[in-house]
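*Asks:* What follows is the residue order along each chain.
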Amino acid sequence: MTIVTRLGMGALALTFATAALPAWAQTKIEFFFPVPVEGKLAREMTRLVKLYNESQKEVEVTAVYTGGYDDTKLKAQAAAKAGKPPSVVLMSANFNVDLKLSGDIISLEPMLKADETTRDDYLKDFWPALHANAMVDGELYGVPFHNSTPLLYYNVEHFKEVGLDPAKPPRTWAELVDAAKKLTKGDRYGFLMPAGYDYLGWLMEALSMSNGGRYFNEEYGGEVYYDQPSMLGAARFVEDLIFKHKVMPQGVTEAGGVSTSFFAGKASMVLLSTGSLSFIRENMKQPYDVAFVPMNVRNAVPIGGASLVMFAGQSEESKKAGWKFIKWLTTPETLGGWSRFTGYFAPRKSSYDKPEMKDFIAKNPDAKVALDQLPYAKPWFATYQTVAVRKALEDEIQAMMNGKKKADQAVKDAQKKADELMRPYVEQTSLKLP
Amino acid sequence: MIRVRKHLSVALLAALLSAVAFLWATPFLWTLVASFRPESAGSADMASLLPDLHPTLENFRNALESGTFGIYYVNTIIVVTGVLAVQCVTVSLAGYAFARLRFPGRDFLFYAFLLQLMLVPPALIVPNLRTVVDLGLYDTLPGVMAPYFASAFGTFLMRQTFLALPRDFEEAAAIDGAPWWAIIWYVLLPMAKPGLVAFAIVSITAHWNEFLWPLMVINSPGNQTLTIGLASFAMGAEGGKEWGVLAAGTLLVMAPLAVAFVAFQRRFVDSFVFSGVKG
Chain A
1 MTIVTRLGMG
11 ALALTFATAA
21 LPAWAQTKIE
31 FFFPVPVEGK
41 LAREMTRLVK
51 LYNESQKEVE
61 VTAVYTGGYD
71 DTKLKAQAAA
81 KAGKPPSVVL
91 MSANFNVDLK
101 LSGDIISLEP
111 MLKADETTRD
121 DYLKDFWPAL
131 HANAMVDGEL
141 YGVPFHNSTP
151 LLYYNVEHFK
161 EVGLDPAKPP
171 RTWAELVDAA
181 KKLTKGDRYG
191 FLMPAGYDYL
201 GWLMEALSMS
211 NGGRYFNEEY
221 GGEVYYDQPS
231 MLGAARFVED
241 LIFKHKVMPQ
251 GVTEAGGVST
261 SFFAGKASMV
271 LLSTGSLSFI
281 RENMKQPYDV
291 AFVPMNVRNA
301 VPIGGASLVM
311 FAGQSEESKK
321 AGWKFIKWLT
331 TPETLGGWSR
341 FTGYFAPRKS
351 SYDKPEMKDF
361 IAKNPDAKVA
371 LDQLPYAKPW
381 FATYQTVAVR
391 KALEDEIQAM
401 MNGKKKADQA
411 VKDAQKKADE
421 LMRPYVEQTS
431 LKLP
Chain B
435 MIRVRKHLSV
445 ALLAALLSAV
455 AFLWATPFLW
465 TLVASFRPES
475 AGSADMASLL
485 PDLHPTLENF
495 RNALESGTFG
505 IYYVNTIIVV
515 TGVLAVQCVT
525 VSLAGYAFAR
535 LRFPGRDFLF
545 YAFLLQLMLV
555 PPALIVPNLR
565 TVVDLGLYDT
575 LPGVMAPYFA
585 SAFGTFLMRQ
595 TFLALPRDFE
605 EAAAIDGAPW
615 WAIIWYVLLP
625 MAKPGLVAFA
635 IVSITAHWNE
645 FLWPLMVINS
655 PGNQTLTIGL
665 ASFAMGAEGG
675 KEWGVLAAGT
685 LLVMAPLAVA
695 FVAFQRRFVD
705 SFVFSGVKG
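Just so you know, the sequences run in chain order A and B.
Throughout the first sequence, residue numbering follows the numbering used here, covering 1 to 434 in sequence.
Throughout the second sequence, residue numbering follows the numbering used here, covering 435 to 713 in sequence.
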């Protein structure tokens, strides 16, 4: 062996040794996260993870940005099938049922037990409306991270201009139609709501719930109520807004288009997520205000947002590390900070007891309205094949908004399609008789 | 009189073509204008094609800050050139085999090969990812490239290109005692260059713009490609759109390709026009 090769070997051995050093002390885990609102949230999330990595020595988290909610689900499931499951994933809160049924995510009950706490104790600090989406079949599967509800945003100048009192926003569907008729002028529409995939299903859930309905069976993943009076009424209402009252443009507008129309004064009232609060606050030039989603039968809105889940197939060590990271991400302080940064509301009640949060709410009364609507919040729909079942409704409602179908027919067809999609699950459960 | 009419029809044609070209270029124009518009998320003239009187670089600064674009560019260039380099070898050899060699089942094999074109890539995500993990290429750039090393489209294109070349040249070389590889390298490939260039354009644009597969394979921020960086502006689900930043980011991603196309436009057009046929 020449001296050069020996030196080389020595250097190589040294590199291995130093590279191996932190390995025995540190557990490396991966955390997949989508960016639900805009690019700067990705930066903030990366900053949080870096802060965590620097705060302790046992766990090193790699934050992996994974596109939108649907891409995140696709990537996490594909990685798990290929034998590289991520440890922790920030997942759309209504994917839990689906992911549990496919065996991709694990129950968090063992972690609660190891921490010597009970599920009830653990969930006590989270808003009651969030519990249903955190659990599947009575066990904890997801820890809520950021949440939202739909909210009515309205242009105060437009209200004054047509003689409406901005302090008294429409509370019922009747008042909404009235106001929207007055507000519609020239190329300005009185009302607008996003109708792209995901958003439309969520808003139709809000309307059917405000109409006394439930949208889906919270206890059982094989039933949706698309052709029931509550949804039929909601569908007819949207149809009327477009074709009878002519206060909403015909066709499908995506969320980006809705907020832009609102900023540009082309739409006076819009239904958007509370998750858009910061974005609207920063970009809206004219004075605006927010209000509850108007109701027909009762006040009710669905929860939206995302929760942290853990994937199956990881080592015990990795599970422990992942759970540690989840606990750090969901402290009242971290959740409060994230809430102020994004506009989502914090899932923990105690976040709102912190002085920074009290200051923030005092300065931003619109955030208070979002919080006040929480007691009326209900679970987000989650069924077997959640996305496909949701699209069954969305496709039909979009056809209706384009004037290609009548509301009555649309909900009937949506129900038929949804039933077909859920058939395999139903056959394995409710219809499997002794 | 006739001359006037001729002039008129030429002018009319030019006007018509300009109108079509303008229509086609509208999205690019809008992207260009919007990327320099200050605070375009909220302004009422967001949709306007007229440039703002006070252009700003703010959007570009925001876009560049939201990711490590330098690394994204390097990674994308590595992926695109790596894929192309291997593809050039595999598609010309496979194309040669299907065009010139005689072996049993050749045509059947060729058609079976073409069937690949019918498969939708997303259907192969999980099996491909499994293979990449087994090969130890997960979360590496070679893992992003691996599935594209063989190309059905490229093989088809090169086979057709070779078939169109007269055999005389090869026979002359063979009589002079050239082995098969020398025939390919010195005789066939130089004549098939337009075909290769045409294929290279298709390959480069496809892999430059690809989103889903790199997203699946790559985890480490240091290995991410441009499209994933861009997605962080474009994927907003619940909020609004920062149109200006989105436009600036889009420009940043497409600029190198656009510049290359303009620079080599003549070559490209020639390649497509003369693709393979010159005897």
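The hints are simulated quantities; they were obtained by calculation from the structure and are not laboratory data.
Built from N, CA and C at the ideal position, the CB exists for glycine as well.
Treat the hints with caution; some may be incorrect.
[Claimed, not checked] If we take Cβ atoms under 8 Å as the criterion, some of the chain B residues that face chain A in the derived model are:
(1) Thr-490
(2) Arg-536
(3) Phe-537
(4) Leu-553
(5) Leu-558
(6) Leu-649
(7) Met-650
(8) Ser-654
(9) Ala-665
*Asks:* If a hint holds in the structure, say so; if it does not, say that too.
*Replies:* Evaluation of the provided hints:
For the restraint placing Thr-490/B at the interface with chain A, the shortest Cβ-Cβ distance is roughly 16 Å, beyond the 8 Å limit, so the hint is violated. Hint status for Arg-536/B: violated, given a least beta-carbon distance of 40 Å to chain A, over 8 Å. Interface restraint check: Phe-537/B against chain A, minimum CB-CB distance 36 Å, threshold 8 Å, status violated. For Leu-553/B, the shortest C-beta to C-beta distance to chain A is roughly 16 Å, which exceeds 8 Å, and the interface hint is violated.
Of the supplied interface hints, the one on Leu-558/B is violated, with its beta-carbon coming no nearer than about 11 Å to a beta-carbon of chain A, more than 8 Å. Taking 8 Å as the C-beta contact cut-off toward chain A, the hint placing Leu-649/B at the interface holds, the least distance being around 6 Å. A least Cβ separation of about 6 Å between Met-650/B and chain A falls short of the 8 Å threshold, and the interface hint therefore holds. Satisfaction of the interface hint for Ser-654/B is found here, the shortest Cβ-Cβ separation to chain A being roughly 7 Å, below the 8 Å cut-off.
Contact between Ala-665/B and chain A, as hinted, is supported at the beta carbon level, the nearest pair being about 5 Å apart and thus within 8 Å.
Of the hints listed earlier, those the structure fails to meet are numbers 1, 2, 3, 4 and 5, in rising order.
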